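Asks: FYI, the working numbering numbers position 104 of the sequence shown as 104, with every residue one higher than the one before it.
If you are wondering where the hints come from, they were derived from the structure by calculation, not from laboratory data.
As the structure is a computational prediction, the values presented were derived from the model and not from experiment.
Among the hints, erroneous ones may be present.
Per label pair, the in silico range of CB-to-CB distance [claimed, not checked]: (1) L94 x R160: 43 to 49 Å; (2) E62 x G163: 49 to 55 Å; (3) L45 x G163: 18 to 24 Å; (4) R42 x G148: 30 to 36 Å; (5) P91 x S9: 24 to 30 Å; (6) R50 x L94: 22 to 28 Å; (7) G2 x V146: 24 to 30 Å; (8) R76 x I7: 33 to 39 Å; (9) G2 x L54: 18 to 24 Å; (10) Q156 x G96: 36 to 42 Å; (11) L45 x G96: 42 to 48 Å; (12) V122 x N71: 27 to 33 Å; (13) N71 x L94: 42 to 48 Å; (14) R112 x K49: 38 to 44 Å.
For every residue, glycine included, the Cβ atom is placed at its ideal position computed from N, Cα and C.
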Amino acid sequence: TGEVMGIDSVFGTAYAKSQAAAYGELPTKGRVFVSVANRDKRAMLFPVKRLADLGFEVLATEGTAEVLRRNGVVTRVVGKHSQGRGDDVVPLILAGEVDLVLNTPFGVGARRDGYEIRTAAVSRGIPCITTIQGVAACVQGIEALVRGDIGVRSLQEHHRRMGASAAVPPAAPQVGGAR
Numbered sequence: 001t002g003e004v005m006g007i008d009s010v011f012g013t014a015y016a017k018s019q020a021a022a023y024g025e026l027p028t029k030g031r032v033f034v035s036v037a038n039r040d041k042r043a044m045l046f047p048v049k050r051l052a053d054l055g056f057e058v059l060a061t062e063g064t065a066e067v068l069r070r071n072g073v074v075t076r077v078v079g080k081h082s083q084g085r086g087d088d089v090v091p092l093i094l095a096g097e098v099d100l101v102l103n104t105p106f107g108v109g110a111r112r113d114g115y116e117i118r119t120a121a122v123s124r125g126i127p128c129i130t131t132i133q134g135v136a137a138c139v140q141g142i143e144a145l146v147r148g149d150i151g152v153r154s155l156q157e158h159h160r161r162m163g164a165s166a167a168v169p170p171a172a173p174q175v176g177g178a179r
């Protein structure tokens, strides 16, 4: 088994490091596919707008695209896998034409579609974010990568920066006394 850690004083940078260590680099350009549950549509607006501002082309299913367009995000509509249309997102993912997947399915049909979408993304090594909190973290990580904020420090350097007194808690009193 293995374990990875992304550490930094800035959350977005730490997140980008953790993802790079566990799964591979987050993309800094390309196409993002967005399909989120109705309950998540308002919360995904700002992060997806930010990705568009960073230069990502936004692809989305019909309902998600409608919300994005109403809020000023240029969006290309693609079909759900279960619709069987010619513009289905799964073949686009499998062909390497999508660089990031944001998918928060809810409900039986959406879960089936979501399974196909996530399976395609994983098979291609494409980052696939499945919660709104994860979407926000992912965007912060991408912003850190775009800014070039990623650096490497040893744990000792991080410890020094935190200050030794803040990092070492006082010793706990012993119960019953040692002899």
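Asks: Quick one: which hint numbers does this structure break? Sort them smallest to largest.
Replies: When the structure is compared with the hints, numbers 3, 5, 9, 11, 13, 14 turn out to be violated.
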